[in-house]
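S.K.: Each protein sequence line maps, in turn, to chains A and B. By this note's numbering, the letter at position 127 of the first sequence is numbered 150, and the numbering carries on one by one without gaps. By this note's numbering, the letter at position 111 of the second sequence is numbered 481, and the numbering carries on one by one without gaps.
Worth flagging that the hints you see were computed from the coordinates, not collected in a lab. Just so it is clear, the structure is predicted and the values come from calculations on it, not from any experiment. Note that the Cβ used here is the ideal one computed from N, Cα and C, for glycine as well. Careful: at least some of the hints might be erroneous.
[Stated by the list, open to error] Which chain A residues stay away from chain B? Per the calculated CB distances, all over 10 Å, these:
#1 Y153
#2 K158
#3 L187
[Stated by the list, open to error] Quick list of the computed label-pair ranges, beta carbon to beta carbon:
#4 A:K63 x B:R434: 21 to 29 Å
#5 B:N378 x A:H117: 40 to 48 Å
#6 B:E387 x A:Q157: 16 to 24 Å
#7 A:W177 x B:E486: 26 to 34 Å
#8 B:S420 x A:N33: 21 to 29 Å
#9 A:L94 x B:E507: 49 to 57 Å
#10 B:N378 x A:N156: 24 to 32 Å
#11 B:K390 x A:K67: 16 to 24 Å
#12 A:L41 x B:N378: 24 to 32 Å
#13 A:L94 x B:N378: 38 to 46 Å
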Amino acid sequence: MFLKVQLPWNVIIAAESLKPGSLMLQRAILIRLLTDFAAKKATKDMGYFLAVTTLDKIGEGKVRQHTGDVLFPVVFNAVTFKVFKGEVLEGVVHKVLKHGVFLRIGPIENAYLSSSKMPGYVYVLGENPYFMNQKMPKIAKDVVVRVVVIGTKWMEAEREFQALVGLEGDYLGPISAPDM
Amino acid sequence: MSGEEEENAAELKIGDEFLKAKCLMNCEVSLILEHKYEQLQQTSDDPTNSVSQVFEKSLQYVKRFSRYKNPDAVRQVRDLLHQIVILTYIRILARYQLAEFELCVLGNLCPETVEEAIAMVPSIKTRGRAQDDEAIEKMLNDLSLIKKFE
Numbered sequence: 024m025f026l027k028v029q030l031p032w033n034v035i036i037a038a039e040s041l042k043p044g045s046l047m048l049q050r051a052i053l054i055r056l057l058t059d060f061a062a063k064k065a066t067k068d069m070g071y072f073l074a075v076t077t078l079d080k081i082g083e084g085k086v087r088q089h090t091g092d093v094l095f096p097v098v099f100n101a102v103t104f105k106v107f108k109g110e111v112l113e114g115v116v117h118k119v120l121k122h123g124v125f126l127r128i129g130p131i132e133n134a135y136l137s138s139s140k141m142p143g144y145v146y147v148l149g150e151n152p153y154f155m156n157q158k159m160p161k162i163a164k165d166v167v168v169r170v171v172v173i174g175t176k177w178m179e180a181e182r183e184f185q186a187l188v189g190l191e192g193d194y195l196g197p198i199s200a201p202d203m
Numbered sequence: 371m372s373g374e375e376e377e378n379a380a381e382l383k384i385g386d387e388f389l390k391a392k393c394l395m396n397c398e399v400s401l402i403l404e405h406k407y408e409q410l411q412q413t414s415d416d417p418t419n420s421v422s423q424v425f426e427k428s429l430q431y432v433k434r435f436s437r438y439k440n441p442d443a444v445r446q447v448r449d450l451l452h453q454i455v456i457l458t459y460i461r462i463l464a465r466y467q468l469a470e471f472e473l474c475v476l477g478n479l480c481p482e483t484v485e486e487a488i489a490m491v492p493s494i495k496t497r498g499r500a501q502d503d504e505a506i507e508k509m510l511n512d513l514s515l516i517k518k519f520e
């Protein structure tokens, strides 16, 4: 789910970039915030950081004693993406393996749909391998699949989430004619 | 978040902070990100270089999965659903209310039948709200009408 959140952060401006003129300072704070935001990528609690929408408040700067840098508390609005267990989402298959497929869902690169969570599907080997069952369209590369999230895992080192997804439920599975 | 094992969006157990958070439909995110991207194009020589991977992947995704591509229609969908929520809320008194989360899942997946809507968002039937099929049907009808207007 995409979320609109308000976050309080601290932005540090190096002493040498502090120049007279408050507009320049505001700009420096904004640029620093955007850089930090993009570098942060994601957090376990808030999910992936997509974009800053508004910078709502810049508090009073505090000089840090040893470096002379100035720390500004800021409050801003941002768009994030977090997957929840039990949530139904649509993703695009980008890799087909014998034991399951990997889907892209928003910023999540690897949502894994195991063959054990695809009841009735069998793996078909070939140049473009796919999974098929009798009633539904096949699950191949670039196919849109509607899935339910079984579990998520935060990978601290990579700063990203892995998601396990499944087809066990009504109205889940590949979507035949992508109407978009 | 403690009690992580208990998280289950199907029952709308997503943690209080997210229950209160404003959720966004794919089409809304698409509007926001495309606008951001245009801004970057004006200020940077190479906008593809100045956006993060997370941004780029998300933009690709929401562009593909936006059901309502007309900005006015996006606003209409939201307003309409909110109106329905309010109207139904008044009608069925305090028994019915749609959480932001539920609204956005329905808006993203566009279920065609009541049965499908309940399969996608089981919580609309539970949580002691006794949401009746007729109300869900009406909500889906209004959603599909908007789609036709485009």
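S.K.: List in ascending order the numbers of the hints, as given earlier, that are violated by the structure.
M.R.: 5, 6, 12
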